[in-house]
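There are 2 protein chains.
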Amino acid sequence: MARRIKVETNKLEDFVTDVLQKHGMTATDALVTAEVMVSADKRGIESHGVARLKRYVDGIKSGIIRLDAKIETIVETPVTLLVDGGGHMGQVVAFRTMKRCIEKARKNFVCLATVRNSNHYGIAGYYTQMALDEGMIGISLTNSAPLVVPTFARDAVIGTNPISFGVPAGMEMDFLLDMATSTVPRGKLEVAARKGEDIPETWATDEAGHPTTDAKRVLDNLAVRAGGGLLPVGGVGMLHGGHKGYGLGVLVDILSGVLSDGAVGLDVYGKKGQPAEVAHFLGVINPDGFAGEDAIRKKMDYYAKMLKRSALANGEERVFVAGEKEYENAEANDQYLTIQDKVFEILNGIGNEFNIILEEVE
Amino acid sequence: MARRIKVETNKLEDFVTDVLQKHGMTATDALVTAEVMVSADKRGIESHGVARLKRYVDGIKSGIIRLDAKIETIVETPVTLLVDGGGHMGQVVAFRTMKRCIEKARKNFVCLATVRNSNHYGIAGYYTQMALDEGMIGISLTNSAPLVVPTFARDAVIGTNPISFGVPAGMEMDFLLDMATSTVPRGKLEVAARKGEDIPETWATDEAGHPTTDAKRVLDNLAVRAGGGLLPVGGVGMLHGGHKGYGLGVLVDILSGVLSDGAVGLDVYGKKGQPAEVAHFLGVINPDGFAGEDAIRKKMDYYAKMLKRSALANGEERVFVAGEKEYENAEANDQYLTIQDKVFEILNGIGNEFNIILEEVE
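Protein sequences, first through last, are from chains A and B.
Quick note: the first sequence, position 261, residue 1349 per the numbering used here, numbers continuous.
Quick note: the second sequence, position 38, residue 1126 per the numbering used here, numbers continuous.
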């Protein structure tokens, strides 16, 4: 039976850093990438955490991720950047671009950056958090592998294309939205398929383009692109607002892949064995260009309290503000966290080659 | 029985302009406001069209809309603006701010503007269209009267807070997303209540905070704030992604009302007989800061074609790109459009005082 393995959070990060270095990454880049990954586990977003290490390592080995790539600045103005990642590690490309964006916004009030030819960059919210740590507003969007079906269409054309925005608060927790524009990510279907449970009709469509409760069927269809896929938030058709989720997914693709003249839709992960050509959109807004940091933090506190003090629907226990759950998770997982035994084994399998060991804490 | 009245589109705009001037608006401001309103009818968004004239005129008379207000610039940098509308007409405040933003973005590549103390500004998409007309990317968000219930809450706290983004294409129609962050706007419930039809459970909640199919009950509850209201896109709870629509609605409130240190949530339309304190967020992005106008238009064409040529779900006829339907409507309504007989009568009732007549076309 599956069980969860407790590990030291710091040691997990060290382990991932070591493994990435052994695979040719510089110490600095490895540390950044490990931190992005472990921060996902800490927040409770396991799908984007260390469970992905194997895929990244395989990507490095097969040349999909190119650690020797030069990350090039194609266009630069005081408030914009267009960066070509050259197929480098997504976390490295996005981290460096966000760093520069933060500096620019500090000086010039705003910075918007598009990035093309990158790879999977982990959780979108990591980069918005970088802006929050500097007392500024962060934006992070990315396109991704085509798994989502446009409204009225049969086949998956766009990614789960997440939207992340962060706005600093004062005494309250910062606002940190980080959401896929599909109803759910693929991982939720994998869990349902494993357990043999039905999924709601708002999650996915079958090969005819109709809602289905059969998660395994959707995953099998997606694997061979037989039709169907994940639904945009709002579900099938227009009656429940599915065209809105679809429109937002396309918007993310445009800001990432069109503004950078990079890849969009089916072209993301479009060439087998080649770089995935993932595109990102990153942004930083300096509060000094508007009402100022103090006023904004204070108003955020006021608004967060207004939301959290709402009367509850019968049977409910709490109204959340975006990011609260993840911050609470991160705090709880600061010293130790648990990972699936299967992931623990895979990690040690990867480390084994270089005598790097991840230890279970009793 | 209700019927539709055909009018000349230009004459409808002249009529509205005249009426607004008679109520004390300058010729320039009246023309802008009329154009925003009629553009909504042309696009098929009647809820935001000339049907609102009575409400605007009443607002001017009662002092909620203050035509003598000074629209003040509180903060200005090369790429940002914070504007205080002083309670002036929303369309006038937003139009002038967007104009300035376009100039700034032309020169400095990006402009982001927040506006506080404004009023209802009509369709969000009008202002993104202004940027599109200049070959640039437009952003337009606004908060609005609290009608939407946060996830797990019982009462309406946030507005239908729309998101509009426009991105220029080449041969294809421009991308123009303009969507409320609720599943549907209040108008859809009014239609259902009038017809005595059930609404889907994804649209609204009752006074206990549970989904209901009874539109009249929701509207009655909202009128006296007895609990319940519209649902964020994704519906009730988290199972279908309702927390995403909620998060996006809050984001719009933050970018509009928090960044400007203006009103948010329950404070919008919070004081009876006083200015509504609506807040907006407007933005313009110059393609020259990224891949350039030609490359972006070309890639947009490529992407729009990819989406529109998707295989169709069984039983469906067409895959749309955001904005297509509205552009097609606007073209069809360029010379003539039809309005509800009830609206036609109300308009002539307003005009009657000043001998301004809107004529029906046979």
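Simulated from the structure, these hints should not be mistaken for laboratory data.
Being a predicted model, the structure only gives us computed values, none of them experimental.
Take the hints with a grain of salt, since some may be wrong.
Said to hold, decoys possible - To give an idea of the interface, some chain B residues facing chain A are shown, with a C-beta separation under 10 Å as derived from the structure: (1) R1092; (2) E1096; (3) T1097; (4) A1157; (5) V1198; (6) T1239; (7) I1246; (8) F1253; (9) D1266; (10) A1311; (11) Y1334; (12) L1343; (13) G1345; (14) Y1390; (15) A1401; (16) N1402.
Built from N, CA and C at the ideal position, the CB exists for glycine as well.
Hints, one by one, checked against the model:
| no. | hint | verdict |
| --- | --- | --- |
| 1 | R1092 | violated (23 Å) |
| 2 | E1096 | violated (31 Å) |
| 3 | T1097 | violated (27 Å) |
| 4 | A1157 | violated (19 Å) |
| 5 | V1198 | holds (5 Å) |
| 6 | T1239 | holds (7 Å) |
| 7 | I1246 | holds (8 Å) |
| 8 | F1253 | holds (5 Å) |
| 9 | D1266 | holds (9 Å) |
| 10 | A1311 | violated (18 Å) |
| 11 | Y1334 | holds (8 Å) |
| 12 | L1343 | holds (8 Å) |
| 13 | G1345 | holds (7 Å) |
| 14 | Y1390 | holds (8 Å) |
| 15 | A1401 | holds (2 Å) |
| 16 | N1402 | holds (4 Å) |
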